[in-house]
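Student: Each chain, letter by letter, is given below.
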Amino acid sequence: MATVQTKLYEKESEELISGSEAIGIACALADVDVITAYPIRPYDTVMQYVSRLKADGAFDFDYIIAESEHSQFEIVKHASAVGARTFTGSSGVGWFYAFEAITVTAGLRMPVVAMVGNRALDDPGAFGVEHNDALAVRDLGWHLYWVATAQEALDMALIAYKVAEDPRVLLPFALSCDGSFLTHSQAIVQVPSRDQVEKFLPPYKRGKLQLHPDNPITVAPQVNEDWLMEIRKQTDEAMRRTPEVIKEAYEEFREIFGRGDPSPFIEEYMCEDAEIIVVGMGTLAMPTRVAIRRMREAGKKVGFLRVKFFRPFPAEELQKALGNAKGVAVIDRDYSYGSPSYGGVLFHELRSTMYPMDKRPVMLNFIAGLGGREVMVGDIEQIVETTQTAIDTGKIEQETTWVSVRE
Amino acid sequence: MATRAVEVVYRGIFQRTLARNIVRNIVFAARKDGKIGTAFGRYSDSPERNGIPAKQFAVVSDTALELEESLAVYEATAVDVTINLDDAMCKGIESWAWYGLQPINELTKPGGTLIVTSRQDAPSLLEDIHQKDSSYGLAIIPSTVSFSGLWVYKDDHTDMRVLGAICKVCPDLVSLKAMLVSIEEQTGNEAKVSSAQRAFDRTTSRPVEPGEGNTETPFSFDMPGWKTMEEGVVIRALPQGGGFRGGDEGYQPGRSEVFKKWSTRSMRPVINFDTCIKCTLCWLQCPDTCFDITPDGLYDANMESCCGCGVCEAVCPVPDCITMVGEAEFNDNNSQWDAWTADKDSYNKWMIPLVEKQKSEVRTHGFHHVGGYDEEINAEED
Numbered sequence: 154m155a156t157v158q159t160k161l162y163e164k165e166s167e168e169l170i171s172g173s174e175a176i177g178i179a180c181a182l183a184d185v186d187v188i189t190a191y192p193i194r195p196y197d198t199v200m201q202y203v204s205r206l207k208a209d210g211a212f213d214f215d216y217i218i219a220e221s222e223h224s225q226f227e228i229v230k231h232a233s234a235v236g237a238r239t240f241t242g243s244s245g246v247g248w249f250y251a252f253e254a255i256t257v258t259a260g261l262r263m264p265v266v267a268m269v270g271n272r273a274l275d276d277p278g279a280f281g282v283e284h285n286d287a288l289a290v291r292d293l294g295w296h297l298y299w300v301a302t303a304q305e306a307l308d309m310a311l312i313a314y315k316v317a318e319d320p321r322v323l324l325p326f327a328l329s330c331d332g333s334f335l336t337h338s339q340a341i342v343q344v345p346s347r348d349q350v351e352k353f354l355p356p357y358k359r360g361k362l363q364l365h366p367d368n369p370i371t372v373a374p375q376v377n378e379d380w381l382m383e384i385r386k387q388t389d390e391a392m393r394r395t396p397e398v399i400k401e402a403y404e405e406f407r408e409i410f411g412r413g414d415p416s417p418f419i420e421e422y423m424c425e426d427a428e429i430i431v432v433g434m435g436t437l438a439m440p441t442r443v444a445i446r447r448m449r450e451a452g453k454k455v456g457f458l459r460v461k462f463f464r465p466f467p468a469e470e471l472q473k474a475l476g477n478a479k480g481v482a483v484i485d486r487d488y489s490y491g492s493p494s495y496g497g498v499l500f501h502e503l504r505s506t507m508y509p510m511d512k513r514p515v516m517l518n519f520i521a522g523l524g525g526r527e528v529m530v531g532d533i534e535q536i537v538e539t540t541q542t543a544i545d546t547g548k549i550e551q552e553t554t555w556v557s558v559r560e
Numbered sequence: 008m009a010t011r012a013v014e015v016v017y018r019g020i021f022q023r024t025l026a027r028n029i030v031r032n033i034v035f036a037a038r039k040d041g042k043i044g045t046a047f048g049r050y051s052d053s054p055e056r057n058g059i060p061a062k063q064f065a066v067v068s069d070t071a072l073e074l075e076e077s078l079a080v081y082e083a084t085a086v087d088v089t090i091n092l093d094d095a096m097c098k099g100i101e102s103w104a105w106y107g108l109q110p111i112n113e114l115t116k117p118g119g120t121l122i123v124t125s126r127q128d129a130p131s132l133l134e135d136i137h138q139k140d141s142s143y144g145l146a147i148i149p150s151t152v153s154f155s156g157l158w159v160y161k162d163d164h165t166d167m168r169v170l171g172a173i174c175k176v177c178p179d180l181v182s183l184k185a186m187l188v189s190i191e192e193q194t195g196n197e198a199k200v201s202s203a204q205r206a207f208d209r210t211t212s213r214p215v216e217p218g219e220g221n222t223e224t225p226f227s228f229d230m231p232g233w234k235t236m237e238e239g240v241v242i243r244a245l246p247q248g249g250g251f252r253g254g255d256e257g258y259q260p261g262r263s264e265v266f267k268k269w270s271t272r273s274m275r276p277v278i279n280f281d282t283c284i285k286c287t288l289c290w291l292q293c294p295d296t297c298f299d300i301t302p303d304g305l306y307d308a309n310m311e312s313c314c315g316c317g318v319c320e321a322v323c324p325v326p327d328c329i330t331m332v333g334e335a336e337f338n339d340n341n342s343q344w345d346a347w348t349a350d351k352d353s354y355n356k357w358m359i360p361l362v363e364k365q366k367s368e369v370r371t372h373g374f375h376h377v378g379g380y381d382e383e384i385n386a387e388e389d
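For the record, the sequence lines run as chains A and B. Numbering-wise (my numbering), the first sequence opens with residue 154 and increments by one. Numbering-wise (my numbering), the second sequence opens with residue 8 and increments by one.
Simulated from the structure, these hints should not be mistaken for lab results. The model shown is predicted, which means the values in this text are computed figures rather than measured ones. Hints may be right or wrong, so weigh each one.
Claimed, not checked - Some chain B residues near chain A, calculated using beta-carbon distances under 7 Å: (1) F228; (2) G232; (3) K234.
As the list claims (entries may be wrong) - To give an idea of the interface, some chain A residues facing chain B are shown, with a C-beta separation under 10 Å as derived from the structure: (4) G260; (5) G281; (6) F334; (7) S338; (8) E550; (9) E552; (10) W555; (11) V558; (12) R559.
What the hints assert, rightly or not - Below, simulated DMTMM-like cross-link-like pairs (lysine to aspartate or glutamate); rule was C-alpha separation at most 25 Å, straight line: (13) B:K39 x A:E167; (14) A:K358 x A:D379; (15) A:K164 x B:D339; (16) B:K234 x A:E552; (17) B:K351 x B:D339; (18) B:K116 x B:D52.
We treat Cβ as the ideally placed atom computed from N, Cα and C, and that holds for glycine.
Take these sequences, add in the hints, and give me the full structure.
Tutor: Laid out in C-alpha cells, this is it:
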C-alpha cells in the first residue's frame, strides 16, 4: 500500500491553494492508494496538483490516467473492491460519460470519494459552474456535498473518507465544487498534520466484503426481479444510517481540528429571527452573506441558509430552520426543464420538505448564475424584495424567476 | 476601506508563471503584515491560449470579513494597481472570451497606478493607453517583454522587480519589509531580494491627468438577449465577400462586424509591395483570411483580422517581402496598401529601415527582444 514518504505535512501549516489543490492535499493526508484521472475542466486542476505531489515524491500512490471517464470510474470501483482507498473525479459531460460506472459504484457499496468540479453541460461549450452535473447522482445512493471554500474542501474530503468507508455505510461520496469560484481561486488554507489526520481517519477496512484470494467472493452477479428490491432496500438502509455516521464523524473532526460549523448538514447565517431566508448551495454563500449583512444593516430581517449535504437531504434540519420564516427564496444554480413549477432541483426538494409542515412559508424559486455567471449582491437584494412582495400581497405572481438573464 | 486589489495583465501561457509568481507573492507578503488575501486568475481566460491577453488578480484585506466583502464581486471591477507585462497591450486587452477591446487602465481606480514593463517612455506609451476621466499614476519598469518562468527562459527577476515597484506605488497593499522577508522565505535567493529592493528604490510614478492619452473610443458591442438570439446554438456563416472595398476588382472576404482584432497579436506583417511577385501563398495560407486582394493584384493584410501568427512571413518566397514587426511600432490598424498607394517613397522610407531593424533582433513566439537579457542586465548595471 502507498505511503507518504516525505516530510511534508509533518506539522500543521498554512498554504495558499485553490479548492482543487486543497482536495489534492487531503488525498495525500488520507494516504489514498489509487487515483484515476481523465482531464476535463475544471476538475483537471486536482489532477495537475496530485501529479505534482507524486512527481515531487510528496505523495506515493498508484496514478492511472484512464482513456476515458468511464474507465476512470470503473478502475476506482474495482480498486475499492480489493480494499484500496480511492479518489477520482470529473466535471460536466465527463462526469456524465462515466455514468454507468458511477451508478454501479453505489450499487456495489464502494466507498469511492470523487470530486465533481461543477461545470455547465455542453453543448454549447461552457466551462462555468452549473449544478446539474453533480445533481444527476441524487437518486443513485451517492453522498452529495456542496463545498463553499477551499478550507471546507480539504476538511470535507477527510470527513468524506471517514463516512463513506464506515462499515455501517459503505456508500460513495461526491464532493461538489463550483468551477472557477472554488476550483481556481487560491485562498489561505490551514493544512493539518499527518498525525492529526491519522488520529481522525482509520485505514479503510472492507472486511469480509473485500475481494481477495484469501476471501473468495463474487461481486455483482446477475439478479432480476427475485432479488433486486431487497438489494435496493439494503442501499436505502445504508443511506438512512449515514446521517448519524456523518454527525459522529463531524463532531470528532471538530474536536481534533477545532474547525467547522455547528451542523454538518446546513450552514445558518443570521437565520435565527429572519423573516425571509435565502437558500442556496456552494460558493453562492459569499455574495449572499455580504448582501444579508447589508440588508441587516438596513434593518431587514433576512438570513441565509446554505444546504451543504444534498444527499442525504437534511429534511429535519431544514424544516426546523425554515419553519418560522415567512418567506423562503431558493436560489438554484441548476434547472430542471419541465419540472412541476418549471424551476430548479433544490427548490423542488425543499418545497417537498416543507409540505408536511402545519405552517408553510411562502416559497419562491430563483434561477441564477448558470454557466458561471456571477450572482451579485444586488441580485440577492432583488430576490429578497420579490419575496417580500409575495409575503405582503399574499400572492405569488411567478413561482420561478430567472435572475439577470438578458431579454 | 482596507482592501487593496491588484491585477496582472499578461500574455497567456508565455507569462503565466510570471503573473502567478507576482499575485502569490503579494498574498504571502501580506500575510507577513498580518493581512489576509486571495489570488486567482480570470476563469474566462483559461485554458489559456499562447500569447492571448489574460489576467490574474491578488486581493488583500485587513480581515477575512473585509476580504469577503470585496470578493462578493469575484472579478474585481476596480483595482489599486494594474500591472502590464507586455507594453503592446497598452493598446487594450482582447481576451479570447471576447469582450471587445478593454483599455489597459479600465479597472485602475482614480489615484491608482498602472505599472508597465517597457523600453518605451511615458509619452510613447500614452499614445496607446486610452484616456480616463480621472487621474492615475503611470510607472515604468525598464524591461523588455519577459518570459521568465516559462520552461527554458531565463529567470530575469521581472517578477521581483514588479513586486518591489508595487510596494512603492501602493504602500497600503503590503510593506516593503514584509515583501522582502516573504521573497527571502519563498525563494531563498538574496539576489531576488535585492532586485525587489532596487526596483523599489528606482520606481517613480508619473501622474496621468484626466483626458491624457489615446482619445479613441475602444471597440465594444452589445450582447443579444434570449428573445433575439437565434435558437439551436447556431451562428450564421459570414457572407462570401466580393470586390476590394466594395468595388468590382480584387477580392475581399466577408468579415465579422463584431469579432475584430487589436492587441491579440504581438506582431504584424509589414509588406514590401514593390518586391511582391503575387504568388498567392500568403493569401492561401493565412489561417484568418486576413489578406485582401487589391485591384492591382497585391495582397493587403487587414489588421482587423490578423492575429499575428507569422505564417505569411514563413511561406513568402521573396526575401524580406513580408516581415513580422513588433506591435509597439504601430498605433493604428490602417491599411499599408493605402499608405503605399498614396506615396510610395514615404512608405518605403518608413518600411525598409523598420524591416532592417527587425532582422537584427532575436525573436521568439512573435515577441521581439525575448532572450535579450544581456542587454537588459547591462542596462541595469549602468
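Student: Please go over all the hints and tell whether each is borne out by the structure.
Tutor: Hints versus structure:
1. F228: violated (13 Å)
2. G232: Since chain A brings a Cβ to about 4 Å from G232 (chain B), closer than 7 Å, the hint holds.
3. K234: Result: holds, 5 Å to nearest chain A Cβ.
4. G260: violated (35 Å)
5. G281: With a closest approach of 7 Å, the G281 (chain A) hint holds.
6. F334: holds (6 Å)
7. S338: holds (4 Å)
8. E550: Violated: closest Cβ of chain B sits about 20 Å from E550 (chain A), beyond 10 Å.
9. E552: violated (19 Å)
10. W555: Holds. Min distance 9 Å.
11. V558: At 6 Å from the nearest chain B Cβ, V558 (chain A) passes the 10 Å test, so the hint holds.
12. R559: With a minimum Cβ separation of about 4 Å from chain B (threshold 10 Å), the hint on R559 (chain A) holds.
13. B:K39 x A:E167: holds (12 Å)
14. A:K358 x A:D379: violated (30 Å)
15. A:K164 x B:D339: violated (57 Å)
16. B:K234 x A:E552: holds (21 Å)
17. B:K351 x B:D339: This hinted pair holds, its Cα atoms lying about 19 Å apart.
18. B:K116 x B:D52: Answer holds: K116 (chain B) to D52 (chain B) is near 22 Å, not above 25 Å.
The structure does not agree with the numbered hints 1, 4, 8, 9, 14 and 15 stated previously, though it agrees with the rest.
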